[in-house]
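Engineer: Dock chain B against the given chain A, drawing on the hints supplied.
Residue numbers (this note's numbering), protein chains in the order written: chain A, 1 to 290; chain B, 1 to 290.
The set of hints was computed from the structure by calculation and includes no laboratory data.
Any given hint could turn out to be false.
With the Cβ distance kept under 7 Å, some of the chain A side facing chain B (calculated, not the full set) [claimed, not checked]: (1) L27; (2) L31; (3) L34; (4) A39; (5) R40; (6) D41; (7) E182; (8) L186; (9) I199.
Don't be surprised by glycine CBs; every beta carbon is placed ideally from N, CA and C.
Number of protein chains: 2
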Amino acid sequence: MTEHPYLHPDELLGHEIAPGSFSYSALDVSLYALGIGAARDGLDRKELQYVFENHKDGMKTLPTFGVMFPSHAMSRGRLPGVRYNPENGLHGEEILELFRPIPTFGKVSCRGRVKGVYDKGSGAVIHIEATTSDDQGELARHETLLFIRGLGGWGGDRGPSGKTNTPPARNPDVVHREAIPENQALIYRLSGDTNPLHIDPDVASAGAFQRPILHGLCTYGFASRAVILHYAGNDSDRFRRMGGRFANPVYPGETLVTEMWQEAENRIVFQCKVAERDVLVLSNAHMELR
Amino acid sequence: MTEHPYLHPDELLGHEIAPGSFSYSALDVSLYALGIGAARDGLDRKELQYVFENHKDGMKTLPTFGVMFPSHAMSRGRLPGVRYNPENGLHGEEILELFRPIPTFGKVSCRGRVKGVYDKGSGAVIHIEATTSDDQGELARHETLLFIRGLGGWGGDRGPSGKTNTPPARNPDVVHREAIPENQALIYRLSGDTNPLHIDPDVASAGAFQRPILHGLCTYGFASRAVILHYAGNDSDRFRRMGGRFANPVYPGETLVTEMWQEAENRIVFQCKVAERDVLVLSNAHMELR
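If we strip away everything but chain A, and leave its shape as in the complex, we get (with noise of 0.2 Å):
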């Protein structure tokens, strides 16, 4: 192993992150619904009891909603022993477990630490892992892999292979079309992801895109309700574990084409493709439901 000027994996390696806590109310859940495209068609009773605090069936949280448990929790404040410009990290992977149903509002608390440090040759991975409880106990297990760009070769393990839940060879069982609207990430960032990134045109075309993409969190919870609709008769309380990679951006405007397969009863083995530029944006990716 050579010694890298930016990247020190013993350093990084077991830190333990601050733990903090996050509050949330009925009105942050809807708004994280209606960002992810929930009740899109206003009349969907289907999807209304995930914007709608009174329903009459009770109100749901989409489950993806965990996902930003651990942001809002915790600063990741610096890391220790890495270096890079924030354009150089993007966001690889990212892996959610319940373990019930979340509240529709709470507060919960998040502890995560460092599990690996993987060189990948054109960058190295950060493979974080938290998890977030209320007062009820465990709620959630969480997994985010981080790749950092120009920070590979330094002779590290490369880690796991990150060809799981490949789609099998025949063709999907289900496909879910659904067109993201133009304004969806101007809702969705009021969740929480403020990077302008996602807004700012200046700021998306001097990362080289032709204009703001989606958060890749977005179009994860978009591909979310697509297999929690099809597979689970949308009863979100199904939902147990969720993971995918983001391969590719998407422009809000765009078509998710949601391509699943069905492996067991339980497990849903799925990607995502934009339709008009025909891409995979979301790859390896798989739930289990209860």
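Structural biologist: For chain B alone, coordinates are given in the frame of chain A:
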């Protein structure tokens, strides 16, 4: 004047509403702007300043954000001298005057009083006047006319005629069409008006509506954007005053047609119709610019 069992104009007239205050952030300003359809096409830099706190030309607050100050700051509570079922209380008219542009965050205080009680035959009108101030002094003046069905015929004054700001006999000078998305009321309500009439199909049908209706003040906001776009070059700082009457409900998904007539350099008379039903929804409306 005859005695009315549910209305005692002498108790109501001059009643001072308990003053109160309201704090808001740039996030609230953005959410409101999205709630009245601003930056719908995402890329439209003309309206990005209403939804982006770090816009290079500075963020701006859409003027009609001000209509919410009295309801947020003051609990109107129960007005003395009047009793009615909520479904019989309709928002009749709203006038907003701004003395300067609304800051993009801050704390405001409101006070208000019942300025008039009128007998319209089929019902009563309660005319409420309010003022909003912040640490820079007086910011806004409000007039709200509530129409209470069934509380008329007690021999009171009819009040001022509603036949002001009537469009001239010529065709409109400018016509602006804008489709209202199906989920518009779901976004708008997160700014604080969570009346179930705008989201719950059962409550809507109990009120004899086909489905949940758009908030009147959301229509009001859409109309304000049309006038500001066409007559103020989208410079919201030029807003001085706006008023209009709520003539009929709008359903999300319909197309709002704003017909405008320029009466003087800085005075526009306008009205809004729904294209699909050719029904007048906002009538006798005007805007004054500076």
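Engineer: Are the hints correct? Go through all of them and say.
Structural biologist: For each hint, the structure was consulted:
no., hint, verdict
1, L27, "holds, 6 Å"
2, L31, "holds, 6 Å"
3, L34, "holds, 6 Å"
4, A39, "holds, 6 Å"
5, R40, "holds, 6 Å"
6, D41, "holds, 5 Å"
7, E182, "holds, 4 Å"
8, L186, "holds, 5 Å"
9, I199, "holds, 5 Å"
Of the numbered hints listed earlier, not one is contradicted by the structure.
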